[in-house]
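Following the hints, complete the assembly by docking chain Y onto the known chain L.
2 protein chains.
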Amino acid sequence: MASSNIRYGEGVTREIGMDLQNMGARNVCLMTDRNLSVLPPVKTVLESLAQHGVNHKVYDEVRVEPTDASFKEAIAFARKDSFDVYVAVGGGSVIDTCKAANLYASHPEAEFLDFVNAPIGKGKPVTGVLKPLIAVPTTAGTGSETTGVAIFDFEELKAKTGIASRAIKPTLGMVDPLHTLHMPERVAANSGFDVLCHSLESYTALPYNMRKPCPPNPINRPAYQGSNPISDVWSRHALNVVAKYIKRAVRDPEDLEARSSMHLASVFAGIGFGNAGVHLCHGMSYPIAGNVKTYRAKGYNVDHPVVPHGLSVVLTSPAVFNFTAPMCPERHLEAAEILGADVSRVKREDAGPLLADTLRQFLYDLQVENGLSAVGYTKDDVPDLVKGTIPQERVTKLSPREHTEEDLTHLFEASLKLY
Amino acid sequence: MASSNIRYGEGVTREIGMDLQNMGARNVCLMTDRNLSVLPPVKTVLESLAQHGVNHKVYDEVRVEPTDASFKEAIAFARKDSFDVYVAVGGGSVIDTCKAANLYASHPEAEFLDFVNAPIGKGKPVTGVLKPLIAVPTTAGTGSETTGVAIFDFEELKAKTGIASRAIKPTLGMVDPLHTLHMPERVAANSGFDVLCHSLESYTALPYNMRKPCPPNPINRPAYQGSNPISDVWSRHALNVVAKYIKRAVRDPEDLEARSSMHLASVFAGIGFGNAGVHLCHGMSYPIAGNVKTYRAKGYNVDHPVVPHGLSVVLTSPAVFNFTAPMCPERHLEAAEILGADVSRVKREDAGPLLADTLRQFLYDLQVENGLSAVGYTKDDVPDLVKGTIPQERVTKLSPREHTEEDLTHLFEASLKLY
Chain L
1095 MASSNIRYGE GVTREIGMDL QNMGARNVCL MTDRNLSVLP PVKTVLESLA QHGVNHKVYD
1155 EVRVEPTDAS FKEAIAFARK DSFDVYVAVG GGSVIDTCKA ANLYASHPEA EFLDFVNAPI
1215 GKGKPVTGVL KPLIAVPTTA GTGSETTGVA IFDFEELKAK TGIASRAIKP TLGMVDPLHT
1275 LHMPERVAAN SGFDVLCHSL ESYTALPYNM RKPCPPNPIN RPAYQGSNPI SDVWSRHALN
1335 VVAKYIKRAV RDPEDLEARS SMHLASVFAG IGFGNAGVHL CHGMSYPIAG NVKTYRAKGY
1395 NVDHPVVPHG LSVVLTSPAV FNFTAPMCPE RHLEAAEILG ADVSRVKRED AGPLLADTLR
1455 QFLYDLQVEN GLSAVGYTKD DVPDLVKGTI PQERVTKLSP REHTEEDLTH LFEASLKLY
Chain Y
1095 MASSNIRYGE GVTREIGMDL QNMGARNVCL MTDRNLSVLP PVKTVLESLA QHGVNHKVYD
1155 EVRVEPTDAS FKEAIAFARK DSFDVYVAVG GGSVIDTCKA ANLYASHPEA EFLDFVNAPI
1215 GKGKPVTGVL KPLIAVPTTA GTGSETTGVA IFDFEELKAK TGIASRAIKP TLGMVDPLHT
1275 LHMPERVAAN SGFDVLCHSL ESYTALPYNM RKPCPPNPIN RPAYQGSNPI SDVWSRHALN
1335 VVAKYIKRAV RDPEDLEARS SMHLASVFAG IGFGNAGVHL CHGMSYPIAG NVKTYRAKGY
1395 NVDHPVVPHG LSVVLTSPAV FNFTAPMCPE RHLEAAEILG ADVSRVKRED AGPLLADTLR
1455 QFLYDLQVEN GLSAVGYTKD DVPDLVKGTI PQERVTKLSP REHTEEDLTH LFEASLKLY
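Taken in order, these protein sequences are the chains called L and Y.
Number 1187 in the working numbering belongs to position 93 of the first sequence; there are no gaps in the numbering.
Number 1494 in the working numbering belongs to position 400 of the second sequence; there are no gaps in the numbering.
Chain L extracted, bound-state conformation (with noise of 0.2 Å):
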């Protein structure tokens, strides 16, 4: 069970410049997209790094939800260069792509797939040093900074899938709460959702003494572990605070109580699951995101057709909770008296469809679209989406309850209509 490093606090990302210099950083590499880089985060961190003398170089092409050609390009751009450190100011994406940036920079052999995860890749040990990363998240959603994770579409599979490993964990997250101010209305959403989930599914993942197989050897254990006493604290809590702020965080931009909260919920949870893992909602989510067809969500300026992350992990969350409940009902029970319901006179047995039902108000209140055929998806893509769900086994298997092809049909057929 490992943490992390995290600064917390209104304005910390003023700092950095001190810090790259503390740190003797003679060239930086500062990872950022399009959009953001002519944003207050990117500002500051540039206004800082003049400040204090830091020579860097702007790679400014991250894509928003990344793929392997992106994270080439990423890798491309830091390979030809020599960095000392890594600083990457963004949401998820930008965090990813800098965290494959840095590794692969770092192991020039390598090619594409040694470390991606196996089946998919070869998912081979890294072995070398990595060269230090500061990561600014701007988002309060996937807690990248507090993991050793990196997603992306892998477009020839239209599957999400990733890299994971202890090695490629920020040195430091800078979390300032005043960068979420930026977020539009439907990005705090879903970033936020990203945060409901990463609690529900680490809190009501596989106990970390009940995983198969169970190497002997501490090398070859996974990062997602299964649920465990400092993983539960971590869920729980960013669970509670979830419940009280993201209404408010979403609806007023400018409730700052409200979106830092949800900021640090983002790093508690990110600290939870990126020991005790998620489960179904994130395994399914990856062909959700990957075989988009034409839908584009609001609030998000790209040139592309997305499923924001957190949404297609919310989407399958009510038939995803109801079905797992039978296994630990004490705990699906208390996250939905979390997320308001009255649970005082609930049998244990009605615990997966009271969470159910709690999820679909919850999301109704918060304007979510109504299910997967809101954004393009009918009964006859639910093979496909079953079939890109097989592989992400690194996630899939530690839910609670074992899951046959055909049980993730029926929560992709459930998951249509949510209301």
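No lab work stands behind these hints, which were simulated from the structure alone.
Any given hint might turn out to be false.
Copies of the same chain look alike in the list, so a pair counts if it fits in one copy or across any two.
Unchecked claim - EDC-like mimics (lysine to aspartate or glutamate), calculated; alpha carbons at most 20 Å apart, straight line: (1) Lys1218 <-> Asp1162; (2) Lys1306 <-> Glu1104; (3) Lys1473 <-> Glu1500; (4) Lys1306 <-> Glu1487; (5) Lys1306 <-> Glu1109.
Same frame as chain L, but now just chain Y:
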């Protein structure tokens, strides 16, 4: 806000040989104390080392409640060899001694006072690279496996002081609840009180954004940074676990659930106070331990008078929290409620007396000696105790309430008798 690598589970200690093999260790320094050297925790480690062919040397001369002299002996042992990994098997005394040995062996030119906290030592920042240290805690108390702190008695000053740097934080803590079954009843009680005070003090410590001075350069900020949203989660959670399990853990050494819960609570509280810091109970405990006359604690097999650390900390707790409550009454009320008090009709201004009474009852139930007078102090000793507290600024300045020498005098006097 940094955290720690912890591996938790019954029997995890048996894996240590594999870990050392994975790390390529060629010459391991195993530190422990005489009593432990013949008990199962050390035996288990030695068997695992033998099984995996790990070359090692044993140093079992660690002093319970270490001194500058005993630190120096361990440092000399480490310096005359060239160890590539350190393993500490024991309570806080062993882990702290091993941290110091690793630090000074990695800085062969350093003089002893170089890294000791100012104003007693020079408080120089650690610049070199230390060897990995694996800590295997056998008491549920100090949380030393999670912190960058090493405490010792500075004999000529008759006070405890220490070394504080993130650089000495163990690489990995192996938390094996089976080890805590070997703790005698009073060791379980006193180490549990340390956990209790870590939680209470870190939860009520001065908030991180009110601490002064506030060094503009992050490199100059102290390890103990004041209470903050991350440490709060740990401190409060640890307090809940202590409240639920300490009595069972003390009374029944075979109660694995209670003892292993207290073991985890010590980790949780360690992560909390390792970030936030402790304040008056700890600051005042150092002269209480350092000025010991003839008191010999029950259940401790040592050849010198000793007030065990946890006891020296908890004896002033009723007076201290009565004094600090006006600065953050809500947190003191919350703590009293967690410890079993009915707070439903209590006014904010009564938070201090209520928490003090709750603590007195708690200590009485656990058969704690009746105040400082029961460990050999009279009113005449108070000026020395106050004098010994003054240099403990590293912690006392984290008190939420400013205090004069007169205040300290009053706190010691109020702690002579508890019941």
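The hints, checked one at a time:
1. Lys1218 <-> Asp1162: Result: close within a single copy only, 17 Å intra versus 46 Å inter.
2. Lys1306 <-> Glu1104: For Lys1306 and Glu1104, only the inter-copy Cα distance (17 Å) is at most 20 Å; the intra-copy one is 43 Å.
3. Lys1473 <-> Glu1500: within (14 Å within a copy, 77 Å between copies)
4. Lys1306 <-> Glu1487: Answer is within: at 12 Å inside a copy they meet the 20 Å cutoff, but 50 Å across does not.
5. Lys1306 <-> Glu1109: For Lys1306 and Glu1109, the Cα distance is within 20 Å only across copies (18 Å; inside one copy 44 Å).
In terms of the numbered hints stated before, the structure departs from none.
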